[in-house]
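Trainee: Please build the complete structure, drawing on both the sequences and the hints.
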Amino acid sequence: MMIDYLPLLILFVVAAVFAAIAIIMPSLIGPKNPNKMKQEPIESGMIPFTDARQRFPVQYYMVAVLFILFDIEVVFMYPWAVLLNKLKVFGLIEMGFFLLILLIGYVYVWRKGAFEWD
Amino acid sequence: MTLILFAFLALIALAGGLGVVLSRNPVHSALSLLLNFASIAVIYFLLHAQFLGVVQVIVYAGAIVVLFLFVVMLIGGNIGPYRHGSRTVTSVIAVGLAAAFLALVVWSVVQVLPMSATPVGAPDAGSVQAVGMALYTDYLVPFELASLLLLVGMLGGVVLARRYQPFAEDETQ
Amino acid sequence: MNLPHIDFSVITPELIVIATALVVMLAEFVGAHATPSPTRSHRIALIALLGLVLAALAAVAGLGRAATDIQGMLVADDLGRYLELVVLLAAALGLLLAWDYLPQFTKMHSEYYALYLLAVVGMMFMGKSTELITLFVSLEILSVALYVLTGFHRGQLAAGEAALKYFLLGAFSSAFFIYGAALLYGDTGSTHLVDIAARASGGFLTLAGLALLLVGFGFKLAVVPFHMWTPDVYQGAPTPVTAFMSVGTKAAAFVALFRVLQAAGVSYATWSLVLALLATLTMTWGNLAALRQSSLKRMLAYSSIAHAGYMLIGVTAGMQLGLSAVLFYLFAYAFMNIGAFAVVSLLERPGYHATQDATIDAARGLFARKPLLAVVMAIFLLSLAGVPPLAGFFGKLYLFNAAVQSGWIWLAIVGMINSVVSAYYYLRVTVLMFMTEADETSFLRSPLSNATGLAIAVAMVGTLLLGIFAGPWLQQLGQAALAFAGS
Numbered sequence: 001m002m003i004d005y006l007p008l009l010i011l012f013v014v015a016a017v018f019a020a021i022a023i024i025m026p027s028l029i030g031p032k033n034p035n036k037m038k039q040e041p042i043e044s045g046m047i048p049f050t051d052a053r054q055r056f057p058v059q060y061y062m063v064a065v066l067f068i069l070f071d072i073e074v075v076f077m078y079p080w081a082v083l084l085n086k087l088k089v090f091g092l093i094e095m096g097f098f099l100l101i102l103l104i105g106y107v108y109v110w111r112k113g114a115f116e117w118d
Numbered sequence: 001m002t003l004i005l006f007a008f009l010a011l012i013a014l015a016g017g018l019g020v021v022l023s024r025n026p027v028h029s030a031l032s033l034l035l036n037f038a039s040i041a042v043i044y045f046l047l048h049a050q051f052l053g054v055v056q057v058i059v060y061a062g063a064i065v066v067l068f069l070f071v072v073m074l075i076g077g078n079i080g081p082y083r084h085g086s087r088t089v090t091s092v093i094a095v096g097l098a099a100a101f102l103a104l105v106v107w108s109v110v111q112v113l114p115m116s117a118t119p120v121g122a123p124d125a126g127s128v129q130a131v132g133m134a135l136y137t138d139y140l141v142p143f144e145l146a147s148l149l150l151l152v153g154m155l156g157g158v159v160l161a162r163r164y165q166p167f168a169e170d171e172t173q
Numbered sequence: 001m002n003l004p005h006i007d008f009s010v011i012t013p014e015l016i017v018i019a020t021a022l023v024v025m026l027a028e029f030v031g032a033h034a035t036p037s038p039t040r041s042h043r044i045a046l047i048a049l050l051g052l053v054l055a056a057l058a059a060v061a062g063l064g065r066a067a068t069d070i071q072g073m074l075v076a077d078d079l080g081r082y083l084e085l086v087v088l089l090a091a092a093l094g095l096l097l098a099w100d101y102l103p104q105f106t107k108m109h110s111e112y113y114a115l116y117l118l119a120v121v122g123m124m125f126m127g128k129s130t131e132l133i134t135l136f137v138s139l140e141i142l143s144v145a146l147y148v149l150t151g152f153h154r155g156q157l158a159a160g161e162a163a164l165k166y167f168l169l170g171a172f173s174s175a176f177f178i179y180g181a182a183l184l185y186g187d188t189g190s191t192h193l194v195d196i197a198a199r200a201s202g203g204f205l206t207l208a209g210l211a212l213l214l215v216g217f218g219f220k221l222a223v224v225p226f227h228m229w230t231p232d233v234y235q236g237a238p239t240p241v242t243a244f245m246s247v248g249t250k251a252a253a254f255v256a257l258f259r260v261l262q263a264a265g266v267s268y269a270t271w272s273l274v275l276a277l278l279a280t281l282t283m284t285w286g287n288l289a290a291l292r293q294s295s296l297k298r299m300l301a302y303s304s305i306a307h308a309g310y311m312l313i314g315v316t317a318g319m320q321l322g323l324s325a326v327l328f329y330l331f332a333y334a335f336m337n338i339g340a341f342a343v344v345s346l347l348e349r350p351g352y353h354a355t356q357d358a359t360i361d362a363a364r365g366l367f368a369r370k371p372l373l374a375v376v377m378a379i380f381l382l383s384l385a386g387v388p389p390l391a392g393f394f395g396k397l398y399l400f401n402a403a404v405q406s407g408w409i410w411l412a413i414v415g416m417i418n419s420v421v422s423a424y425y426y427l428r429v430t431v432l433m434f435m436t437e438a439d440e441t442s443f444l445r446s447p448l449s450n451a452t453g454l455a456i457a458v459a460m461v462g463t464l465l466l467g468i469f470a471g472p473w474l475q476q477l478g479q480a481a482l483a484f485a486g487s
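In order, the protein sequences belong to chains A, B and C. First residue of the first sequence: 1, per the working numbering; consecutive thereafter. First residue of the second sequence: 1, per the working numbering; consecutive thereafter. First residue of the third sequence: 1, per the working numbering; consecutive thereafter.
Just so you know, these hints were derived from the structure itself, not from any lab. One or more of the hints may lead you astray.
What the hints assert, rightly or not - Listed below are the simulated DSS-like cross-link pairs for lysine-lysine, each with C-alpha atoms no more than 30 angstroms apart in a straight line:
#1 K165/C to K112/A
#2 K370/C to K112/A
#3 K107/C to K165/C
Unchecked claim - Here are the computed distance ranges between Cβ atoms for each label pair:
#4 F204/C to P26/A: 52 to 62 angstroms
#5 L97/B to G160/C: 20 to 30 angstroms
#6 V92/B to T39/C: 51 to 61 angstroms
#7 F67/A to I468/C: 51 to 61 angstroms
#8 F8/B to I21/A: 47 to 57 angstroms
#9 N85/A to A125/B: 14 to 24 angstroms
#10 L97/B to V420/C: 17 to 27 angstroms
#11 W107/B to G160/C: 54 to 64 angstroms
#12 V58/A to T90/B: 47 to 57 angstroms
#13 M228/C to A134/B: 34 to 44 angstroms
#14 L164/C to F67/A: 16 to 26 angstroms
#15 V58/A to P389/C: 51 to 61 angstroms
#16 L281/C to A94/B: 23 to 33 angstroms
Don't be surprised by glycine CBs; every beta carbon is placed ideally from N, CA and C.
Mentor: If you want it as C-alpha cells, here you go:
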C-alpha cells in the first residue's frame, strides 16, 4: 500500500533538493558586489513606487469565491468520472441534474458580469 | 514505519497550527495554515483515505488558503497585530478553553479505544472508487443538495462582493 | 450493482420551489424590463409567490398519504408536510412584505427572491431529513442564504454588522453540529437516524454527539445561551427577512430536532431535563431582556427568543403530547409574529442609506392616525402575549397542557409566569398606540400598499381563525404527530 507512494516521495525529495541547490549554490559561488539599485525588489524593470502590501480590490475576492465554488464542482466530478462505466445512464442523469443547477448559476454569474473585472 | 511517518507529519501539522495562532502577521498565519493542510493531507493518505487527501490538497490547500490570503489582503496586509483589550486575559481564557476541548477529545478517544482496534469498513473504504460509489448511489440526495448549496454560494458572492452601486432615489419614483 | 430508485413524489413541493428559484434567478435577463424598477421587482415577486402557492398545494395534496422516502434520506410524512406548510406560509407572508419594501433599497431583485426561495428549500428539506448529512447540507443551504439576505441592505452599516455576526457565529455552530454528527457516526457507524436509534451505545459518544447537535440546533432556534446573535441580526436584517426567518428557521429546526431526538439513542429522562432547563433559561432571559428594549425590532427579537423557549416546553413534553402542540404553536406564531413585523415595517422610515430603525415611540398615537392598523397590531401583540381567544393563547395552552400531562408541572408554571411578564412589553406598545398623541417621533409609511395590506389581512384572519378553530386544528396536527411518534 504505502509502497505505491514511493515514486511520489522520491519526486518530492528531488524537487526539494533541486530547490535547495538553486538557492544555496548562487550564494556560495556567485560573485557579490551589491549596489543600491541591485538591492531594490525586482518589478520587471519598473521602479517600485509603493509598498507591495496594499489593500487588494474586492474583485480578487469575487474571483477567489467563484474559483472555490467551481473547484468543488470539479472535485465532485473526479470520483464520478472514475465510476462512470459502472454507473452508466444513472450516473449521467444524476450528474446532469447537478450540473444543470450549476450551469444555471454559471449563466447567471456570467450575465451578471461577475467575471469581468469591473 | 507508519508510526514514524505519522509522528513526523503530526509534528509538522502541529507546528503549522501553532504558526497560525502565534504569528502576528496574518499573511504568515495563512501560510502556516497551508503547511498544516498539506501535512494533514498526507496523514489522510496514511489512513488510506486517498480521496479525502486529494480533496484536502485541491480544495483546502489550493483554494481555501488562496481565499484566506485574498481576504487578508482585502482587509489590508499591513494592519498589524490585533491589539484591543488585554492580551493576557484573552489568552488565558483561550488556553483554558483549548485545554478543556483537548480534555474532551482525549476523553472521547479513551472511551472508544477498545473499539478502534478493529478497522472500520473495508481496507479500501477511502479510495476514490469506494467514496464515489457511496456518494453516487447511497448518498445521492446530499450530493444533489450540494449543488444547491454551491448555487447559494454563487448568488451570495455576487450579491455581497459586487461593486457597491449607490442607489439613485429617483429610480423608484 | 443495483442502482437506487428515486421516488420524486417525495419531494414535489421542494422541486417546485427549486424550479421557481432558478426561473427567478434568470428572470432579470429576460424581456424588456431589463432595467431594475419596481415593476420588474413585482413581476419577479409574483413568479416567486406563484411557486410558493403551487408548492403549498402540492404539500396539501399529500396530506394524509402514507409516508414515503428516498433512500431513507428524505421522508415525506405528515409531519414533514405540515412543516412545509408552515415554512411556505411564512415565506409567502414575508414575500408580500418585501413586495414594496425591497425596491426601496436595492436593485438586486432577482438575487433577493432567488436566495429567499433557496432558503425556503433548505428549510423544507431540513424538516424532511432523516439522515445527518442531508440534514446538515439542508441546514447549510438555509443558513448561507439567510446570511446573505441579512446583509442585503448594502448601504447600511448595521446590516453588514448583522450579516458578519450571523455568519461567524453560524459557521461556528455548524462546526458544533457536524462534530456532533461525526461522534454519532463514530458511535453507530451510520448517519441514518433509524440506524442511530437502533445501534447507539448510549455511552459517552452518544451523549457528546447529541449534546453537540443540540448546540447546533440551539443556535438556529436562538435558544439561550446560544442566542447572542439574535437581537443584532433581527434588527440589522431587512424587516421582511427578519419576519420570515424568525418563523421559518424555527419551524425547520424544531421539526428536525424532534426527528433527531426520536432517534437519540438516549433515554427520554436524560435529554428532557436538559431541554427543560434550556426552555426555562430561554423564556426567562428573552422576556426579561425584551422589557428593556426601545427598538421595536429588537423587542420582537427578544420576544422570539422567549417564544422559542415556550416551544421548547413542547419538545420537553415529548413526541406524543408535545409535538402536536409545537406544530400548532408554529402555525400560530407564523401568523401573529409576521403580522406584527408587517406593521413594524410600516413604522420604519425608508431610504437607501439609512432605514431608520422603528423605535417604540414610532407607534405613538397610531390609533388616532390609522385606527384599523392600530387595532390589528394590538391583536397581534395580544396574541403574542397569549390573551384569549386568539391563536397565541391556545398555542400556549396546548404547550403548557402537554407539559402538565407529561409531568412537567413546574415547567408549565414557569411558562405561565413568563407569559405574564411578557404581557408587560406587548401591552406597553399597545398603550402607546391607543393612549398617547402622535408627535414628531411617530411615523407611518404611507400609503399602505396592497401587498403589505394583504399580508396583514392574511395574518389577522389566521390569528383569529386559529383561535376559533383551535380544537379541530390541533386534532388534525395530532394525527400527524401520532403517526410520527408511532413510527
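Trainee: Please go over all the hints and tell whether each is borne out by the structure.
Mentor: Each hint, compared with the structure:
| no. | hint | verdict |
| --- | --- | --- |
| 1 | K165/C to K112/A | 28 angstroms, holds |
| 2 | K370/C to K112/A | 43 angstroms, violated |
| 3 | K107/C to K165/C | 24 angstroms, holds |
| 4 | F204/C to P26/A: 52 to 62 angstroms | 58 angstroms, holds |
| 5 | L97/B to G160/C: 20 to 30 angstroms | 28 angstroms, holds |
| 6 | V92/B to T39/C: 51 to 61 angstroms | 59 angstroms, holds |
| 7 | F67/A to I468/C: 51 to 61 angstroms | 56 angstroms, holds |
| 8 | F8/B to I21/A: 47 to 57 angstroms | 23 angstroms, violated |
| 9 | N85/A to A125/B: 14 to 24 angstroms | 21 angstroms, holds |
| 10 | L97/B to V420/C: 17 to 27 angstroms | 38 angstroms, violated |
| 11 | W107/B to G160/C: 54 to 64 angstroms | 40 angstroms, violated |
| 12 | V58/A to T90/B: 47 to 57 angstroms | 30 angstroms, violated |
| 13 | M228/C to A134/B: 34 to 44 angstroms | 38 angstroms, holds |
| 14 | L164/C to F67/A: 16 to 26 angstroms | 22 angstroms, holds |
| 15 | V58/A to P389/C: 51 to 61 angstroms | 54 angstroms, holds |
| 16 | L281/C to A94/B: 23 to 33 angstroms | 25 angstroms, holds |
Consistency with the previously given hints fails for numbers 2, 8, 10, 11 and 12, ordered from lowest to highest.
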